[in-house]
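Input sequences plus hints: build the corresponding full structure.
Protein chains in written order, with my numbering: chain B, 1 to 289; chain A, 1001 to 1554; chain W, 2001 to 2319.
None of the hints are false.
Interface residues of chain W toward chain B, partial, derived using beta-carbon atoms under 8 Å:
(1) THR2021
(2) ALA2032
(3) VAL2148
(4) MET2152
(5) ILE2261
(6) ILE2303
For the record, the hints were derived by calculation from the structure and aren't laboratory data. These numbers were taken from a predicted model, which means no experiment stands behind them. Cβ atoms here follow ideal geometry from the backbone N, Cα and C, with glycine treated the same way.
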Amino acid sequence: MMAEYQTTTAAKDAPKPKGPGWSFNWVGRIGLAIMLFWGLVAFVGPWLAPHPPGEIVDWDYFGPVSGDYWMGTDYLGRDIFSRILMGARYTVGIALAAVTLACTLGVILGMIAAVAGGWFDMVLSRLLDAFNGIPSLLFGLVVVAAVGSSIPVLILTLTAIYMPGAYRFARALAVNVNTMDFVTVARARGESTRYLILQEIFPNILGPVLADLGLRFVFIVLVLSGLSFLGLGVQPPNADWGGLVRENIEGLSLGAPAVIFPSVAIASLTISVNMFIDNLPTKIRDRSE
Amino acid sequence: MTDPLVTVEKLRIGATTDSGRKVEIIKGVDFEIAPGEIVALIGESGSGKTTIALSLMGHTRTGCKIEGGTIRIGDCDMTAMSNRARAALRGTEVSYVPQSAAAAFNPSKRIMDQVIEIAAIHELMPRAEAEKKAVELFRALALPDADTIGQRYPHQVSGGQLQRLSAAMALIGDPKLVIFDEPTTALDVTTQIEVLRAFKSVMRAGGIAGVYVSHDLAVVAQIADRIIVLKGGEIQEVGGAEQILNAPRDAYTKQLLAAFEPVPHQPEEQPAQSAKPKPVLEVFDLCAGYGAIRNGEPAAKILKDVSFKIERGRNLGVIGESGSGKSTLARAVAGILPAYRGGVIVDGTEMKPDLKDRSKAELRRMQMVFQLADTALNPAHSIGAILARPLTFYEGLRGKAREARVTELLDMVHLPASLRHRLPGELSGGQKQRVNLARALAAKPELILCDEITSALDTVVAAAILELLKELQSELGLSYMFISHDLSTVEAICDDVLVMYKGEVVEALPAATMSSEATHPYSRLLISSVPKLDTGWLAGLEQDPELVAQFANR
Amino acid sequence: MPQSLLPWFLVIQRLGIALLTLIIVSFAVFFATELLPGDVAEILLGQAATPEAVAGLRAAMGLDEPALSRFIGWLAGLASGDLGTSYVNKMEIVELLSGRLRNSLQLAGVTTLVSVPIALSLGIGAAMWRGSLFDRVVTVLTISVISVPEFMVATLAVLIFAVWLDWLPALSYGADMSSLGTMLKAYAMPVITLSFVVSAQMIRMTRAAVIETINTPYVEMALLKGASRKRMVLVHALPNALGPIANAVALSLSYLVGGVIIVETIFNYPGVAKLMVDAVSTRDLPLIQSCAMIFCVSYLMLITLADLIAILSNPRLRR
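Have a look at this one:
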């Protein structure tokens, strides 16, 4: 009863769809700002780099923070700041490509399975469930061991790892929406499966799917960094952030900035995405119910 | 006059909405309850009746807060005391009977442990004594197997029994006041009677005061001494039960009463065109069910050989309790759940069982409107888009012509054209149900299947929807198949009535005379179980116990 | 079907799915490693890969048989405990693995013993005092740990405990293992790191499970009976949350599988994961296959266990 009262009053005061329920709190805004910052860096980073990322610019290795080298230098004397700017392109770019592929595929298949049901749903669900029974980092390890590491291989491997989860998530949401009366009404009207999926179901799972995409992006960044840390990700002389940590891990006992800043970069990206998703306007998240 | 047991003065309760705004939901309410008196809080959703009732225990739901006024129970000020002191009063001075006993019982503990928990928490008496008292209460509440029912788990007893067990749970600590929060709303009418009788007799026997929260005036009339009518967090009228029912003073109370009294339905005069027009819907030997299909029959058979006819311009009501198969009937007719035997003939053409095999023209003739307006409208589409789609789909309308037709449809259901740009979430329950109807009308149907379309609405709003249905019928010559558990609604709009029980039609009769002419024992039981707006109805009601044992799901 | 048999039907169904998964997984592992990388014989012979030598080696290794029959042969070998021979050092894989497996299991066991009690009390506590400062601190910490890679937790732990505080050695093996004290110290860093990773997951899921039961009408009913907060949580909410909590514990422990790969590498711990990472760099395919199967089987066992607990603890199915 309470809830109904609240929604009706809220509705009265919200003449336009973009009412109070859509506003962000400040934690979410900070998250969004950091996310957008790294997105931008991934795009234009290499032009901003003060030094060529691959070049040895300092004779001292594991150099400290200084006016010339804002984040110190690495184990060969390369500028860490420039390498982080360049690494953003690998980390953000590969993760974004993989998450987009995984979610697009997963959501489309999930919605089709939910609406079609029957054999298609059962076979696909069982198969992808089985795939979920493989630990993700391990899968990456085996594939990279088998075919060697390159950027397309990394993207496809990460897509394969996270597609079943996206499928499962979208299918569960779509199954819920599919039982709603408005879908039954459309079906009773004689609408095609395509219409049901695109017009009736998709708009109602979009919010949670986008939130899920964000979380999956975080996991992909983590697995990618893990692979690179093991030396199986982006190959030298290029390096993503996980690779930068690996290269400079020897400097850890010296407390060198070359280990700390790439780690901070990874953490700032993943934590900001989490902050943003956790503080999404309730209207977007609530669509799942 | 003795001192009142409960005194509520200038009570104000505020709530914080999801978007962080503060609203006042109880706006200064004063009332008193004498010892042993049962007071009803009557109102529609949003009137604040449950909020007030819970505040008597010093409790508010998440997001709500008591912001002013006092609540005194006996000598204690509920608003001013510490949490610990308040907890000490709960169960011993004031106790609570919830709306859904099924949800309020912990599924993993035996019933007895939960019934006597109040005695354990407040250390009122030794366990053996508490159990003995509980069994006595079970007897007083007319529960079967009083000695052993406490050993079962909640999912092993019926809904009506659980509701009475929750009353035993509330009464174990000898409270002075019991709060009943819509305790019979979720029950079938034949079950409701027994529960109401049990409540009434234990309350009278113990001289316990009660607060009975309900939206149903007829139920309240049977149990309350005084009635408080609430609307929008304010008291509209307070009076004795007889006075409120027979001589209401407040305009809103009158409106509530008027919505309750069915206006008998006048059948439409048939223009005598052809000698004998075909029935708009004919159903014969219809069988349907759920589950895996083996040998052409589903695992769970719900509908068994249902046959009926609806003549053009006439309305058929389908009544029955939960599990009677009335909604399944509508779904089988519409082809949403394909029937495995029997047939559906619309306007002389036999339909395929599965709607996937029916043509657009066939689908257009018969439209369905669902019970929950909330879930029947796509929350992501605007009202305009929702109404436009069937126009494009069936008639290929586009652009200006479609726009004009959408406005026309909204006008037919008495909604302003400006609503086109709103999303369903911004509409009230009544408005949503009107949009639902408008969408069905967009197909220019001959028959509309209405599945409990007024059940989730407040009485006054529901009455307005029924008026609208009648109006549309006379304008457009529609026929309705009207499914409901509420007999007065069916009486108000239907010409003929089918009584369903466990998937079978037990009797078909004219609506106007159904209370006098029903011959099947189940129909008679069902019809006699509907509460009347008469304080003496429950006391004077006599039902054959054998009949009750045979049909009622108590 | 009688209601009482339903849970057992679901259990058998779940076990069936696990078995099917295992077959698909082994299929994937075998073909990913056997079929994709071109020709094993060429890789092995390296510079000496004349066509004749390659053909000879292929025949000797049975590589010219059809893939499916090799797969079945491999499966049969796995089932009978014959894991084959390492390409690199020609040792029996069973021998290579046995000691390593014990090390890894020890690490996992100690981590479980440390993290489960801590995580459960923190998770239940956070749910019990939801919205309090304690809850917020725990939530922020767990989210932070979950959002950073395992190697970062490890490096932070090294920075704090080995570099700044100088309490513990940074590497676990190669250190002095003679006395109990030094051995505990050697275990400490990997265990601390893994415990952080696993506990964060476990706290999050436990908290969610308990909060879900606290929000039910029957817990509100307990409040209205005059029950104290402690009684509400301990008597009413917890017994109903036990299933979900056990499910959360099993699921979180499956994170051990991923975490252990990183942690063993960082701390140079001689477990199965380290062996596998080394095998990857030397492209020792039979060894990779065996290690991968060990990880997949343990992962699968944990998530199946979690599912079984969820099925059996559902009060609607239990009689």
